[in-house]
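Peer 1: The whole structure should be built from the sequences, with the hints applied where relevant.
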Amino acid sequence: MRAPELAVDAPPMQSGDVDAKTLPSFVYGHRSTMWWGTVGVAAIEGTVFALAIMVYFYVRTRVTVWPPEAPPPDMLWGTVNTVVLLLSLIPNHFTKKAAERRDLHAVRVGMMICIAFAFVFLFVRALELMMLNVRWDTNAYGSAVWFLLGLHTTHLLTDWFDTVVLAVLMFTGPIEGRRFVDASENAMYWNFVVAAWLPIYAVIYLAPRLL
Amino acid sequence: MTAGATVTGGIGRSSTSPPAGAWAEREGVFGALATVDHKRVGRRFIVTAFGFFACAGILAALMRLQLAFPEQTLLSADKYNQIFTTHGTAMMFLFAVPMGQAVAIYLVPLMIGARNIAFPRMVAYAYWVYLIGGVMLFVALILDIGPDAGWFSYTPLAGPQYGIGKRSDFWAQLITFTELSGLMVAVALITTILKFRAPGMSLDRIPLFVWAMLGTNFMIVFGMPAVMVSSTALIMDRLVGTHFFNPAAGGDSLLWQHLFWFFGHPEVYFIFMPGLGVVSAIVAAFSRRPVFAYPAMVLSLNATAFRAFGLWVHHMFATSIPELGKSFFTAASMVIAIPTAIQIFCWIATIATGRIVLRTPMLYILGFFFILVLGGLTGVMLASVPLDLQIHDTYFVVAHLHYVLIGGMVFPIFGGFFYWFPKFAGRMLDEALGKVTFWLMFVGFNVTFFPMHVLGLAGMPRRVYTYPADMGWGPLNLTATIGAAVLAAGVALFVFNVVRSLLRGEQAPDDPWQADTLEWATSSPPGPGNFAEPPVVGSREPLWSPHGIVGRVRGLSVEVPEVLVTTAIDARPDSRNAMPGPSLMPPIAAVLTSVMLISSIFTPWAVVWGTIPVVIALTIWFWPTKRETEQHIKLEKPP
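First to last, the sequence lines map onto chains A and B. The opening residue of the first sequence carries number 1 in this note's numbering; numbering runs sequentially from there. The opening residue of the second sequence carries number 1001 in this note's numbering; numbering runs sequentially from there.
Please note: incorrect hints may appear among the correct ones.
Said to hold, decoys possible - List time: in silico EDC-like cross-link candidates among lysine to aspartate or glutamate, alpha-carbon distance up to 16 angstroms:
1. B:K1079 x B:D1144
2. B:K1637 x A:E100
3. A:K21 x B:E1559
4. B:K1637 x B:E1541
5. B:K1166 x B:D1078
6. B:K1626 x B:E1636
7. B:K1634 x B:D1574
8. B:K1637 x A:D19
9. A:K21 x B:E1636
10. B:K1166 x B:D1144
11. A:K21 x B:D1574
Since the hints were made in silico from the structure, they are not lab data.
Peer 2: Take a look at the structure:
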């Protein structure tokens, strides 16, 4: 078998040669380079979250009363947002599966629902920021809380924007098979952003009450 | 194992001509700005890192002139503070770490038989971000607003209370620039190494150089975030009134030290491990045999990468941390000597049982052994708490760190320049000049830094801009300054050698050293797309083993730049992937990112409005063109 792009005098295939033409031009999951890129970024950001939590507990050791000079953040909106974020995993999972089947219609619907969820959790996040009961410049505790919540909010914004751009592309085109890999990886990143929230929620809302 | 055996499997001279089509490089200004070829970007990264090395070296020379005699007034105390801070910052963040990655950007795809690096536009963007950030640091120094709190920028000296003006803010944002760049390159290199290897190059067959780069870049992924967190917290303390490092409001300046050194100690190994990879490559080629005990070498490299994260507190022995903690970190610091020692013994075994060829690259490696072992020994000394307390912050530490970093990184990298220059440039460097360069650098280095051990034991603190004559430190300081002049002459001679070779050097053959790895299986310099037909690999030393190259990868499109993707562990052919072509978006996005980062030094709101153009640029960058998509659809084959 000959590869037509090669020079005309290219010798025929021999045993030991690999014919790339027979291989798929896009693949999902860890077979795809996009997966490795996304996991790499998630590893970096996960490390940042872990260090920010470390900062919180380091600062905790510097004082006797916790939280210092402030009541703990109000539980309501943080808890509501945890529920919203967890529920968003459902349409997100649906979108990921649709992307893997290359079902354009279902991907469009799924992404629209995810974006609707994103509007809700961004709105609730704004309410959360107003109910922290401490400012970032009050003391180191306030700085650590705002740093954690600020970091996670940046991720919510990024995730929302990525999804909007990809959704628009899914409606306007140009579309090829690889765009479904993008949609699948976008969904995986979404899972990461939700998963990262759970320890951060525990630190911001539960730690001041339990420690 | 026959060293230099005939290359088999049909990847000889005839097939080294490059494929045409989409891999062809564009000429002119557009081509230069838009390129995403790993060789062009890598070469640029190497030259830029070398430029920052030279600039930081000039600052070192100024410091040596100031200290040559007691009570000199060449530099004021304030200027001296800015100069030593910029010297250290530039050497660590703009030379040592990026140089290791730069060499990897160029060499790793060639060594694993790939056509390009993964995420090439991201790597191009990382280059521009790095360049602009580095220039910013030196511009700040020239404008007399250079950072002045030392390269590890301790609070409270660098904090809002004592760090006046914008000096430490420039330092903190330089960190953002370099970490952004370094992290993106790390993700690209890890993906390249795990997914773009030639078929048959399973993980137990990848060159030790590539193992070293894989370990290094994994360390960067988990280590660099710590300095991003700390420098961000520092700049927030300075600009928006947070209190992370303010003990009066529940913060702690020791928190800075923990965060910084949780990055800073692994950083030593980000710098040192690429050096280990270079040593393995050169030792094999110039001993005419594979490195002894490959599995032990690989395990040692990975053990070093893990252990490096458990040492940071040994930089903090002079603080109030608990004694038990200090003992733990003393033990940990001694344990890390074991994997390094294993590697050194393996190299010695390789050299002893091989046929050593003493060319310039090998001389640098022998120099590395001598210098690194001395640096390692003073490291074991410093790991002991009572000794550390005595000589903390003295010239003994300055001597130690230069022995480790120059021995562990600069000497191997210079050896690497001599070794790979024929591949980079298609010309040989002059051997006689090379040997003179080595001896100038080796003698110059030791004359500069050995006396500093003695000065440190005699009590001379680091970072003083002058000293009184009756301390008796004059003669050794003068000796060090003379050594620095010899070292500088060596570096200048190297630059002369490079320029001379580029102008009228001898043409380099494909494989001037009869070495074992795949970068020597293609032309010098490699053409666009690296290999006409990428190789299929059958052994660990593809160019030495009779069954090293068992076939070729056929059927990749060259209408679009297509690469073969293989499985992460066994490197079985798995899919093909169309790569992005040249684009102006990476440099544009890098300029916009820089505007945002530099403006944020002056107003925190820049983070908000400065992000908008960056986001727009990234969206345009991502958005696929109709033409590209049509080409891809023609080649499309679903899984």
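Peer 1: Could you grab the alpha-carbon distance between K1626 (chain B) and E1636 (chain B) and see if it respects the 16 angstroms cut-off?
Peer 2: holds, 15 angstroms
Peer 1: Between K1166 (chain B) and D1144 (chain B), does the CA-CA distance stay at or below 16 angstroms?
Peer 2: With Cα atoms ~10 angstroms apart, K1166 (chain B) and D1144 (chain B) stay inside 16 angstroms; holds.
Peer 1: Hey, K21 (chain A) versus E1559 (chain B), does the alpha-carbon distance stay inside 16 angstroms?
Peer 2: OK: K21 (chain A) and E1559 (chain B) at ~13 angstroms, within 16 angstroms.
Peer 1: Are K1166 (chain B) and D1078 (chain B) close enough, with their CA atoms no more than 16 angstroms apart?
Peer 2: holds, 15 angstroms
Peer 1: Regarding the pair K1079 (chain B) and D1144 (chain B), is the alpha-carbon distance no greater than 16 angstroms?
Peer 2: holds, 8 angstroms
Peer 1: For the pair supplied as a hint, K1634 (chain B) and D1574 (chain B), is the alpha-carbon distance within the 16 angstroms limit?
Peer 2: Status violated; Cα separation ~19 angstroms.
Peer 1: Tell me if the straight-line CA distance from K21 (chain A) to D1574 (chain B) falls inside 16 angstroms.
Peer 2: holds, 11 angstroms
Peer 1: Is it true that the CA of K1637 (chain B) sits at most 16 angstroms from the CA of E1541 (chain B)?
Peer 2: At roughly 34 angstroms apart (the allowed maximum being 16 angstroms), E1541 (chain B) and K1637 (chain B) break the hint.
Peer 1: Under the criterion that the straight-line Cα-Cα distance not exceed 16 angstroms, is the pair K1637 (chain B), E100 (chain A) satisfied?
Peer 2: At roughly 14 angstroms apart (the allowed maximum being 16 angstroms), E100 (chain A) and K1637 (chain B) satisfy the hint.
Peer 1: Hint check: K1637 (chain B) vs D19 (chain A), CA-CA at most 16 angstroms. Holds or violated?
Peer 2: Roughly 14 angstroms separates the two Cα atoms, so the pair holds.
Peer 1: Keeping to a limit of 16 angstroms between CA atoms, is the pair of K21 (chain A) and E1636 (chain B) held or broken?
Peer 2: Between K21 (chain A) and E1636 (chain B) the Cα gap is close to 10 angstroms, so the pair holds against 16 angstroms.
Of the numbered hints listed earlier, those contradicted by the structure are 4 and 7.
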